[in-house]
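S.K.: If you read the sequences in order, they're chains A and B.
According to UniProt numbering, the first sequence is numbered sequentially starting from 1.
According to UniProt numbering, the second sequence is numbered sequentially starting from 1.
Among the clues, some could well be false.
Unchecked claim - Computed Cβ-Cβ distance ranges for the label pairs, DEER-style:
id : chain 1 : residue 1 : chain 2 : residue 2 : range
1  : A       : GLY87     : B       : ASN25     : 29 to 37 angstroms
2  : B       : GLN101    : A       : ILE171    : 48 to 56 angstroms
3  : B       : ARG75     : A       : GLN63     : 12 to 20 angstroms
4  : B       : GLN112    : A       : SER159    : 56 to 64 angstroms
5  : B       : ALA310    : A       : GLN101    : 49 to 57 angstroms
6  : A       : VAL247    : B       : ALA314    : 56 to 64 angstroms
7  : A       : GLN218    : B       : ALA246    : 56 to 64 angstroms
Hints were generated in silico from the structure; no laboratory data involved.
Just so you know, these numbers come straight off a predicted model, no measurement behind them.
Cβ coordinates follow ideal geometry from the N, Cα and C atoms, glycine included.
Protein chains: 2
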Amino acid sequence: MNSIATITLNPAVDLTVRADHFTSNRVNRGQTMQMDAGGKGINVASFLADYGLQSAATGFLGQANIDIFEQLFARKQIADHFVRLPGATRTSIKIVDEANQQTTDINMPGLQPTQENIQQLVQRIEQMMESCTWFILAGNLPPGVPADIYARLIKQLKSHHKKTVLDTSQIALQAGVAAEPTIIKPNIDELEQLLGQKCPDEHSIEQAARQLLQGDIQLVVISMGAQGAMFVDRQTSLIASALKVAVKSTVGAGDAMVAGLIAGLTDGLSLADCARLATAFSAGTITQIGPHLPARQVLQEYAQCVTIRAPQQAQPATGKA
Amino acid sequence: MNSIATITLNPAVDLTVRADHFTSNRVNRGQTMQMDAGGKGINVASFLADYGLQSAATGFLGQANIDIFEQLFARKQIADHFVRLPGATRTSIKIVDEANQQTTDINMPGLQPTQENIQQLVQRIEQMMESCTWFILAGNLPPGVPADIYARLIKQLKSHHKKTVLDTSQIALQAGVAAEPTIIKPNIDELEQLLGQKCPDEHSIEQAARQLLQGDIQLVVISMGAQGAMFVDRQTSLIASALKVAVKSTVGAGDAMVAGLIAGLTDGLSLADCARLATAFSAGTITQIGPHLPARQVLQEYAQCVTIRAPQQAQPATGKA
Chain A
1 MNSIATITLN PAVDLTVRAD HFTSNRVNRG QTMQMDAGGK GINVASFLAD YGLQSAATGF
61 LGQANIDIFE QLFARKQIAD HFVRLPGATR TSIKIVDEAN QQTTDINMPG LQPTQENIQQ
121 LVQRIEQMME SCTWFILAGN LPPGVPADIY ARLIKQLKSH HKKTVLDTSQ IALQAGVAAE
181 PTIIKPNIDE LEQLLGQKCP DEHSIEQAAR QLLQGDIQLV VISMGAQGAM FVDRQTSLIA
241 SALKVAVKST VGAGDAMVAG LIAGLTDGLS LADCARLATA FSAGTITQIG PHLPARQVLQ
301 EYAQCVTIRA PQQAQPATGK A
Chain B
1 MNSIATITLN PAVDLTVRAD HFTSNRVNRG QTMQMDAGGK GINVASFLAD YGLQSAATGF
61 LGQANIDIFE QLFARKQIAD HFVRLPGATR TSIKIVDEAN QQTTDINMPG LQPTQENIQQ
121 LVQRIEQMME SCTWFILAGN LPPGVPADIY ARLIKQLKSH HKKTVLDTSQ IALQAGVAAE
181 PTIIKPNIDE LEQLLGQKCP DEHSIEQAAR QLLQGDIQLV VISMGAQGAM FVDRQTSLIA
241 SALKVAVKST VGAGDAMVAG LIAGLTDGLS LADCARLATA FSAGTITQIG PHLPARQVLQ
301 EYAQCVTIRA PQQAQPATGK A
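Extracted from the complex, chain A is given alone in its bound form:
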């Protein structure tokens, strides 16, 4: 039993609009528009499917625009355990100006689940525990959901000896980390917020990540954008360099990293090879619009191109200026 579950409480339909020379307070011409089923956990499930790994997905989805999600689940053979809510799942708009290399986002608050919906979700997760080992809790929280919901779910999952990955931000991250998930994947901003300290260089990032390796937390992955990602467990610290690829859309690049990491871990790869695969997944999705990956062979070629190195150590203190 090695199956993977993803939990997405606040999914979105991702509407990506290409509009070169986009300017606010004006009538603009768009070139192309694409709608994709989105949401961080759904993206992870979609990436895993492209790599040939089956997964199950749960969370909340609106009934009114369910088609685009059900089509994705059917096409990628993702087991659909979502709780349906009345109304439409929110749409997230991303306006991509390739001419000026600028991106403008508009994110909506999302549908508010009732107490009963939350109870239904807990029941779905209990059912999924029968077949799944890994649970990936990803994304921000919809309105009306208690900030400690991830913490509560992680505790419940741990009491059944399940492994958990938490990829969220702000209060949900703070509360979730206290429940000690197996893996956390903050970016540098989130890391700084978690610890209330600045991390201006690789050494301080590594030290901060090490501070988080408490109790049941086994691995801290810090995504650093164009600088790649740092992977810190109790034995090792390493940095996987980002690959230089032609950028189509950076939406889901972090989710692809989570998917690649879990794909590597369930395959029993070393931490360095997991980092290579995670970086390859991330580069792979950047070359496309939507939560999709290139062929497995392309990903493996990408993985071989990833450089792994140790983080830079502390700069020797300089004399007074």
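Starting from the known structure of chain A, fit chain B onto it as the hints suggest.
M.R.: Only chain B this time, still in chain A's reference frame:
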């Protein structure tokens, strides 16, 4: 037989997003989002339905997102004569920043009909001529459609003694006006482009409108935004003042004016009363998001508030400075 048909060659799903303090090249929070079936002729049909007038609508619609249109047609009892195309009808995005009173639009090119699709459209219009007297041709043209398509349709309709309203812009307007539709409704920019001359004041606008009253053209309506609209026929020139209402969305305000005008004309109202009703329709839709009108009684109250006056005459020439 007094039935009304609208023709929309390039409809759109209107996606209206409220995002206060919207800024490009940044991650913004949106407050609300609404999707409406849109397109100028479809809007006209929708406004007529709200006023209690049945109409038939044709043009091109994509099969992939047909639901939102079919739901509107069913709800408003609009007879659906649209030719279906493969793919999705384009989405037009309107980002409304109420805090800064700014609006940002992104318009897409639209689905390209084939020659066969255009032939199907012509056949639909032939069928509609059996029951309809008025034909409203509205909106811009999708890619791949000849610029003189409105001119050709107007000629065909006129050969069957049908009355036509043309509400479009640029080359499609230029070519369409040459076919002498019964009514045209340019705004000041479009009027200036049509005649290749500046219209800096009411007198010059009136003179320009009069120049267009050639052959079969019976009425020229110039929409002037917050300044109201000028109605010019062979007997009269008048200006209907715009009503001051709480603005929710100005999308479709011009289409509402066309609908109100036709509602008045088919009711046999005088030009002044038509102008009042057209202005009331326009004010009525501004108070809502989507192509909808308030109750008939509210519209009639609005109409009574509209001031009708003659355009200002030419300023006496001033001496040298």
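S.K.: Could you tell me which of the numbered hints above are not met by this structure, giving the numbers in increasing order?
M.R.: Failing hint: just 2.
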